[in-house]
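Student: If you want the building blocks of each chain, they are given just below.
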Amino acid sequence: DQQVKQNSPSLSVQEGRISILNCDYTNSMFDYFLWYKKYPAEGPTFLISISSIKDKNEDGRFTVFLNKSAKHLSLHIVPSQPGDSAVYFCAARNAGNMLTFGGGTRLMVKP
Amino acid sequence: DAGVTQSPTHLIKTRGQQVTLRCSPKSGHDTVSWYQQALGQGPQFIFQYYEEEERQRGNFPDRFSGHQFPNYSSELNVNALLLGDSALYLCASSLWLGGDGNQPQHFGDGTRLSIL
Numbered sequence: 025d026q027q028v029k030q031n032s033p034s035l036s037v038q039e040g041r042i043s044i045l046n047c048d049y050t051n052s053m054f055d056y057f058l059w060y061k062k063y064p065a066e067g068p069t070f071l072i073s074i075s076s077i078k079d080k081n082e083d084g085r086f087t088v089f090l091n092k093s094a095k096h097l098s099l100h101i102v103p104s105q106p107g108d109s110a111v112y113f114c115a116a117r118n119a120g121n122m123l124t125f126g127g128g129t130r131l132m133v134k135p
Numbered sequence: 147d148a149g150v151t152q153s154p155t156h157l158i159k160t161r162g163q164q165v166t167l168r169c170s171p172k173s174g175h176d177t178v179s180w181y182q183q184a185l186g187q188g189p190q191f192i193f194q195y196y197e198e199e200e201r202q203r204g205n206f207p208d209r210f211s212g213h214q215f216p217n218y219s220s221e222l223n224v225n226a227l228l229l230g231d232s233a234l235y236l237c238a239s240s241l242w243l244g245g246d247g248n249q250p251q252h253f254g255d256g257t258r259l260s261i262l
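Chains A and B, in that order, give the protein sequences.
Start counting the first sequence at 25; every next residue gets the next number (the numbering used here).
Start counting the second sequence at 147; every next residue gets the next number (the numbering used here).
Read the hints as simulated data drawn from the structure, not as lab findings.
Just so you know, even glycine gets a beta-carbon here, dropped at the ideal spot from N, CA and C.
Each hint should be verified, as a subset may be incorrect.
[To be verified] Taking lysine-lysine pairs in the DSBU-like style, the calculated list, with each CA pair at most 35 Å apart, reads:
#  : chain 1 : residue 1 : chain 2 : residue 2
1  : A       : K29       : B       : K159
2  : A       : K78       : A       : K134
3  : A       : K92       : A       : K61
4  : A       : K29       : A       : K80
5  : A       : K80       : B       : K172
6  : A       : K92       : A       : K80
7  : A       : K134      : A       : K92
8  : B       : K172      : A       : K61
9  : A       : K78       : A       : K95
10 : A       : K80       : A       : K95
11 : A       : K92       : A       : K29
12 : A       : K95       : A       : K61
13 : B       : K172      : A       : K95
14 : B       : K172      : A       : K29
15 : B       : K172      : B       : K159
16 : A       : K134      : A       : K29
17 : A       : K80       : A       : K134
18 : A       : K78       : A       : K29
19 : A       : K78       : B       : K172
20 : A       : K61       : A       : K78
21 : A       : K92       : A       : K78
22 : B       : K172      : A       : K92
23 : B       : K159      : A       : K61
24 : A       : K134      : A       : K95
[Claimed, not checked] Reference listing, derived: stretches of chain B covered by chain A, where coverage requires no fewer than 3 residues with Cβ under 8 Å from a Cβ of chain A:
#  : segment
25 : 176-187
26 : 196-209
27 : 230-243
28 : 250-259
Using the sequences and the hints given, assemble the complete structure.
Tutor: As structure tokens, this is what we get:
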């Protein structure tokens with residue numbers, strides 16, 4: 025069973041516009057949610073996280089929103105830049121610091 | 147400050163062989179986790195080591211085993227390799243239980259394992 029799902033395999037946006045990446049989860053016991061960015065031939069790089077007791081966390085151009093009742097989180101990137109083009113993974117953490125990842129969304133930001 | 151380093155970067159093996167992958171954690175980290183990433187999928191948790199003991203394990207068979215050394219570095223061993231073991235193997239390091247609760251795992255660039 026997939027506990028963390030990213031239903032959009034790809035997303036294309038214009039430079040300067042907003043990118044919204046979505047993630048759904050099923051396990052209510054996750055205590056943190058994280059977003060990682062991955063370029064080809066590199067490991068995932070941590071972007072931003074949110075505690076399960078918060079509903080929003082912001083860091084520069086990146087904002088993560090958490091809707092616990094819907095078991096849904098989203099990552100907003102504003103404004104989007106061509107260098108943001110990468111695969112984005114949503115991950116959920118259990119109390120033992122084990123990460124469960126979604127399948128990823130490939131973001132393409134067009135100049 | 148060196149991040150997480152993994153070796154080798156690429157490896158080609160044949161079915162039935164055994165392989166050992168290595169990981170050095172980021173300076174200051176004491177916990178190492180291993181993940182398998184198949185093509186087109188997200189990373190899947192294999193196991194986690196802290197204080198030289200396996201602390202958590204994902205849904206992987208006993209052919210997958212590991213070790214952590216006193217200097218916190220770690221090895222992943224896979225026996226009796228199958229074609230389906232072809233994947234990118236990622237090592238991540240962190241503080242035990244995430245430190246203050248908000249310390250993310252840091253990943254290496256992975257080892258690409260191909261089974262012929």
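Student: All hints, please: hold or fail.
Tutor: For each hint, the structure was consulted:
1. A/K29 / B/K159: 32 Å, holds
2. A/K78 / A/K134: Holds, at about 32 Å.
3. A/K92 / A/K61: 23 Å, holds
4. A/K29 / A/K80: 20 Å, holds
5. A/K80 / B/K172: 29 Å, holds
6. A/K92 / A/K80: Roughly 11 Å between the alpha carbons, so the hint for A/K92 and A/K80 holds.
7. A/K134 / A/K92: Satisfied, since the Cα-Cα distance of roughly 32 Å is no more than 35 Å.
8. B/K172 / A/K61: 18 Å, holds
9. A/K78 / A/K95: 13 Å, holds
10. A/K80 / A/K95: Roughly 14 Å separates the two Cα atoms, so the pair holds.
11. A/K92 / A/K29: 15 Å, holds
12. A/K95 / A/K61: Between A/K95 and A/K61 the Cα gap is close to 21 Å, so the pair holds against 35 Å.
13. B/K172 / A/K95: 32 Å, holds
14. B/K172 / A/K29: Satisfied, since the Cα-Cα distance of roughly 29 Å is no more than 35 Å.
15. B/K172 / B/K159: 28 Å, holds
16. A/K134 / A/K29: Given pair A/K134, A/K29 holds - Cα atoms ~25 Å apart, limit 35 Å.
17. A/K80 / A/K134: The given pair, whose Cα atoms are some 27 Å apart, holds under the 35 Å limit.
18. A/K78 / A/K29: The hint holds at about 20 Å.
19. A/K78 / B/K172: This hinted pair holds, its Cα atoms lying about 28 Å apart.
20. A/K61 / A/K78: Holds, at roughly 22 Å.
21. A/K92 / A/K78: Holds, at roughly 9 Å.
22. B/K172 / A/K92: 33 Å, holds
23. B/K159 / A/K61: Distance ~29 Å between B/K159 and A/K61 Cα, so the pair holds.
24. A/K134 / A/K95: Judged against 35 Å, a Cα distance of about 31 Å means the pair holds.
25. 176-187: That given contact holds, which follows from 5 residues of the segment 176-187 of chain B lying within Cβ reach (below 8 Å) of chain A.
26. 196-209: holds (count 3)
27. 230-243: holds (count 5)
28. 250-259: holds (count 7)
Hint violations for this structure: none, all hints satisfied.
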